[in-house]
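K.L.:
Chains as they are written, first to last, in this note's numbering: chain A, 33 to 379; chain B, 33 to 379; chain C, 33 to 379.
Worth double-checking, as some hints may not be accurate.
[To be verified] In silico contact screen, one side only, chain A against chain C (beta carbon under 8 angstroms); selected entries:
id	residue
1	Phe149
2	Pro215
3	Ile348
These are calculated hints, taken from the structure and not from any lab test. Glycine residues also receive a C-beta, built at the ideal position from the N, C-alpha and C atoms.
Chain residues, written in single-letter form:
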Amino acid sequence: MKLSEIARRLQCRVVSHEDVDIVRVAGIEEACPGDLTFVSNRKYVKHIKDTRASAIILGEKMPEVSLPSLRSSNPYLAFARALELFYQPQVPEQGIHPAAAVASDAAIGPNASIGPFAVVGAGCRLGANVVLHPHAVIYPGVVLGENVVVHSHAVIRESCVLGNRVIIQNGAVIGGDGFGFAPREDGSYYKIMQAGSVIIEDDVEIGANAAIDRAAVGNTVIGRGSKIDNLVQIGHGSRVGENCVLAAQTGLAGSSRLGRGVRAGGQVGFAGHLEVGDGATFTAQTGVPHDVPAGALMSGYPAVENSTWLRCSAAILKLPDLIRKVRELEKAVAGGRTGGDTRPEKT
Amino acid sequence: MKLSEIARRLQCRVVSHEDVDIVRVAGIEEACPGDLTFVSNRKYVKHIKDTRASAIILGEKMPEVSLPSLRSSNPYLAFARALELFYQPQVPEQGIHPAAAVASDAAIGPNASIGPFAVVGAGCRLGANVVLHPHAVIYPGVVLGENVVVHSHAVIRESCVLGNRVIIQNGAVIGGDGFGFAPREDGSYYKIMQAGSVIIEDDVEIGANAAIDRAAVGNTVIGRGSKIDNLVQIGHGSRVGENCVLAAQTGLAGSSRLGRGVRAGGQVGFAGHLEVGDGATFTAQTGVPHDVPAGALMSGYPAVENSTWLRCSAAILKLPDLIRKVRELEKAVAGGRTGGDTRPEKT
Amino acid sequence: MKLSEIARRLQCRVVSHEDVDIVRVAGIEEACPGDLTFVSNRKYVKHIKDTRASAIILGEKMPEVSLPSLRSSNPYLAFARALELFYQPQVPEQGIHPAAAVASDAAIGPNASIGPFAVVGAGCRLGANVVLHPHAVIYPGVVLGENVVVHSHAVIRESCVLGNRVIIQNGAVIGGDGFGFAPREDGSYYKIMQAGSVIIEDDVEIGANAAIDRAAVGNTVIGRGSKIDNLVQIGHGSRVGENCVLAAQTGLAGSSRLGRGVRAGGQVGFAGHLEVGDGATFTAQTGVPHDVPAGALMSGYPAVENSTWLRCSAAILKLPDLIRKVRELEKAVAGGRTGGDTRPEKT
């Protein structure tokens, strides 16, 4: 495809050599002649001069380059759309595979694709164009919206409700029992029936082997457009707002609430029963024991403002030296005080 | 159901309005007229005055409220039992589904429910009332006690032994190979056959996508009544005592031993080859590199007594200021010392 | 088996009592008469005097013991080989189970074992002696080398390539979609098609419920001989070098590169877009935000040299005391300075 044609489809500005032929999209270090590449992370600008790519997608404010380039105000989005010009995702066959186990009273929308060994329980309702890959398991009473994709070995437990265009990656468990046990006097625990459910709103994606627990009462909710990465834990009764991004291995204990647009790096932990305001951001491995106001940028364990954490983390490295200095000061002051008392008399 | 009837069944004291009608159990913020709610966590006491619930379960020592209330010495347990009055868990159909693959020599106890695509390997022995949800996989030689429930996509590997009333949530892996490799001189690793097994005692619950590894020799053991949350890792040859509670994403490396009643918040990490005494408690994200005595309350990375950690964490925030102070002290003392030497002479 | 015969097969030196009869291999604390045990971790040397084992495998430099012993320069490897003399792993039946769903155009090598409900997608190519346990799911277009073992509920997504002797433990997901989303101006996210794949080289083992994401473009690569533990996350486009060992719950964000022989303890987190040199080692829970040179031993959050971390972690415990000392110094110096000015005049 000509670069000019790509520019037209992506609504990008093209700089020089409009007629270069592009056959593939590739990362900047792997790209070969014929490839279109991109830089959206400044860390990779240094690779531009060495890339073998035939053209590059760049932000409007990136420096000039000798390579033919497409300029975009959102180069990462332009890259995403360029990919779609060159790759077709595998589309599973429509229809219900004869080796699927679909309850006789389940309502299946038009154009469904239900693979071998998929299970659809009693009373389920599936919207149009739903894709259940082989081995997807839908417990009884589940509602799936339109264009939902459930990958192999994912499980949607009883009575959960998923909106439209939700994507569940492999092995994710939606609606497993929340971790609720009442302690008894003899030290043992009494299981609290998890009588609630999980609601996943439109356009959410849940990563591989993530676990979203059902509530004891009421619902655990994942808000519209939120993206939950692999191996993330969402505790029972928690609410994740719209357009949140929770990176891999992050954990949210029970009954916590994240506002809209909250972002967490990998392995962040949120305690239970807390509130996080809209747009708060957490760097990787942050441990959050308390409420966090909207817009905050937090780091550390326990979490503090990122700027404080950066300053304190740097200061900790000076601590052994500081201890030595204080010891010397104590000697000096002890000596000095004695000196202050005695030296004048000596003179 | 009348509140008085609920009180009778839960053996709670009822305060005022015994004849209010209850139709549901709900969380304090979501509750509507007709709902019974509860407060066991002090954080939620502030919501009592605004709840729309018709009645509330409270601890004996909680403040007086205008709402009709049930008073219990264990309000969380009373809530758990109240739930059971209003909700029936889905009970899968009894019998072996024709699309299950059950080995001809497997011994299946009475009243079993084995769903479609469940697999029971050769030589397995399943107790009475076992429930295998669709896609549960039981490798050969496994023993399951009575009333065991294995959810879809959970796996019990070869020769593992589960006691009575054990619940395995979706996607949990019991008895995967322990992570054992002997380093060779060329830098490569030689896989150590994991010839041991896993024993899970009575009344244990294992969370979604948790992994309990089999031992190289001997057994990995999860003690009676312990509750293991989602995405927890138990390394090979470890022993978890009775009535332990390990919250989500906690990891226990190999050959470690937890005593009875040990509790760990989320994302706690225990190193291998260590011992933790009975009743020790670890706050979320604690990193435990060494033995811990019984009854300790630990926090931090590396773990120290919680009180020390709280004091030190607060102190770290003062560290940048402390460094500045020490710098000023050094100047003052250097100036002072000079001053100490010279000023008396000047006067 | 006589100890002398074991010594011969393991090529170990035998010390005293060559004709003792061994029937089992066991851990040092559980061992009974008739058992062969071993010590490779110095922590267990103290148990040697109390073990009931009939013989023990020890390193050449370990102290003399009264027990009959096998001496080896690599006692852990000798233990691994001794296990193989006494235990046979369960070998699943050869052949394709009638309840497996194998695409008509998939190429299956000789001696394959494909269990019930296993799925092999269109266009797959499986080498000789491949074992797919029940419920293994192989999406279309996958290539598996010889002697690959895929355990129940593991998934290999479309177009991934696995080398020879790769072992995939239960529930692992190879090739799930990378976590790539382009932010849009309205705060929502646009899913970036993950058009790349995953390459897993020879002799790799992937742990239970681990997730290795496919790349957006190009490949995520796990290098030859690397061992990845349970619940580990490998982000899209990352490259793990040869013979790396990543312990449980470790996470590697996207586009990072680990050199050869990198070792990480449990729950380590690596940020994206970073490089780690050959042989670098990370203790458990380390958080790595930046590049790390070859051979480094790193700890802490954020990661620093282990020796620095040890020194600083110890220093933090002195911090509350240090703050008190500085306060006293300030008083002393303030008093001293005043004193320096006034006392001489008083005298």
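K.L.:
Indicate, hint by hint, whether the structure satisfies it.
P.N.:
Cross-check of the supplied hints:
{"no.": "1", "hint": "Phe149", "verdict": "5 angstroms, holds"}
{"no.": "2", "hint": "Pro215", "verdict": "27 angstroms, violated"}
{"no.": "3", "hint": "Ile348", "verdict": "5 angstroms, holds"}
Of the hints listed earlier, the one the structure fails to meet is number 2.
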